[in-house]
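Sequences are here, hints too, so could you generate the full structure?
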Amino acid sequence: MKILYEAQEWYGLSIPFIILCLVDLALLFLSCFLWRKRSVLSAKITTIFVIVVLTFIIGTLVFSHVDARKKVYNKYIEGDYLIVEGEVENYMPDPDGANLPDRFSVDDIDFAIPGFTTCWGYPLRQVDGGELQNGVNVKIYYIPYKFENVIMKIVIFNN
Numbered sequence: 280m281k282i283l284y285e286a287q288e289w290y291g292l293s294i295p296f297i298i299l300c301l302v303d304l305a306l307l308f309l310s311c312f313l314w315r316k317r318s319v320l321s322a323k324i325t326t327i328f329v330i331v332v333l334t335f336i337i338g339t340l341v342f343s344h345v346d347a348r349k350k351v352y353n354k355y356i357e358g359d360y361l362i363v364e365g366e367v368e369n370y371m372p373d374p375d376g377a378n379l380p381d382r383f384s385v386d387d388i389d390f391a392i393p394g395f396t397t398c399w400g401y402p403l404r405q406v407d408g409g410e411l412q413n414g415v416n417v418k419i420y421y422i423p424y425k426f427e428n429v430i431m432k433i434v435i436f437n438n
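Position in the sequence shown (from 1) plus 279 gives the number in the working numbering.
Worth flagging that the hints you see were computed from the coordinates, not collected in a lab. One or more of the hints may lead you astray.
To be verified - Pairs of lysine-lysine, PhoX-like flavour, derived with a Cα cap of 25 Å:
id: 1; residue 1: K323; residue 2: K425
id: 2; residue 1: K418; residue 2: K281
id: 3; residue 1: K349; residue 2: K425
id: 4; residue 1: K432; residue 2: K418
id: 5; residue 1: K350; residue 2: K432
id: 6; residue 1: K349; residue 2: K418
id: 7; residue 1: K354; residue 2: K425
id: 8; residue 1: K350; residue 2: K418
id: 9; residue 1: K432; residue 2: K281
id: 10; residue 1: K432; residue 2: K354
id: 11; residue 1: K354; residue 2: K418
id: 12; residue 1: K323; residue 2: K418
id: 13; residue 1: K281; residue 2: K354
Stated by the list, open to error - Label pairs and their computed distance ranges (CB to CB):
id: 14; residue 1: Q287; residue 2: E427; range: 16 to 22 Å
id: 15; residue 1: P423; residue 2: V345; range: 32 to 38 Å
id: 16; residue 1: G414; residue 2: V345; range: 36 to 42 Å
id: 17; residue 1: Q412; residue 2: R348; range: 19 to 25 Å
id: 18; residue 1: N378; residue 2: I337; range: 21 to 27 Å
Glycine residues also receive a C-beta, built at the ideal position from the N, C-alpha and C atoms.
Below, the structure is given as structure tokens:
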């Protein structure tokens, strides 16, 4: 028996999120600078529009993270999860390397491995070094969230 994956509480901030926040702050300071000067009105309006859009995107990302934490990770910690045990079946890796999720099922429960796109959930597709394949005996702890079954823990049993 081997624990292949278990969700952790915090994985840190992602580089794209940090860059997005820095760009938003830089534009905010730029707009303050432009506002004091007698600059072209269209430049002011464009800069403010970009700041509003970036701030909306950042707010949406933060809200999504908080929502996922509450409805996925906190449920897992509280023991409010489902378990399926059996052999991995119908494993379909991404055929073209087009960053599509790998898909498989265990005891007629469908799962997707999207790669490193979310905080929680097993992230390793076969192309990324994942060990899952047809015939592997597993026990999966998962939480249904939105349109997927988020894998919170995978235990592999020796065949």
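Hint-by-hint comparison with the structure:
no. : hint                    : verdict
1   : K323 / K425             : violated, 39 Å
2   : K418 / K281             : holds, 10 Å
3   : K349 / K425             : holds, 13 Å
4   : K432 / K418             : holds, 8 Å
5   : K350 / K432             : holds, 16 Å
6   : K349 / K418             : holds, 24 Å
7   : K354 / K425             : holds, 14 Å
8   : K350 / K418             : holds, 21 Å
9   : K432 / K281             : holds, 11 Å
10  : K432 / K354             : holds, 13 Å
11  : K354 / K418             : holds, 18 Å
12  : K323 / K418             : violated, 57 Å
13  : K281 / K354             : holds, 23 Å
14  : Q287 / E427: 16 to 22 Å : holds, 19 Å
15  : P423 / V345: 32 to 38 Å : violated, 19 Å
16  : G414 / V345: 36 to 42 Å : holds, 39 Å
17  : Q412 / R348: 19 to 25 Å : violated, 31 Å
18  : N378 / I337: 21 to 27 Å : holds, 23 Å
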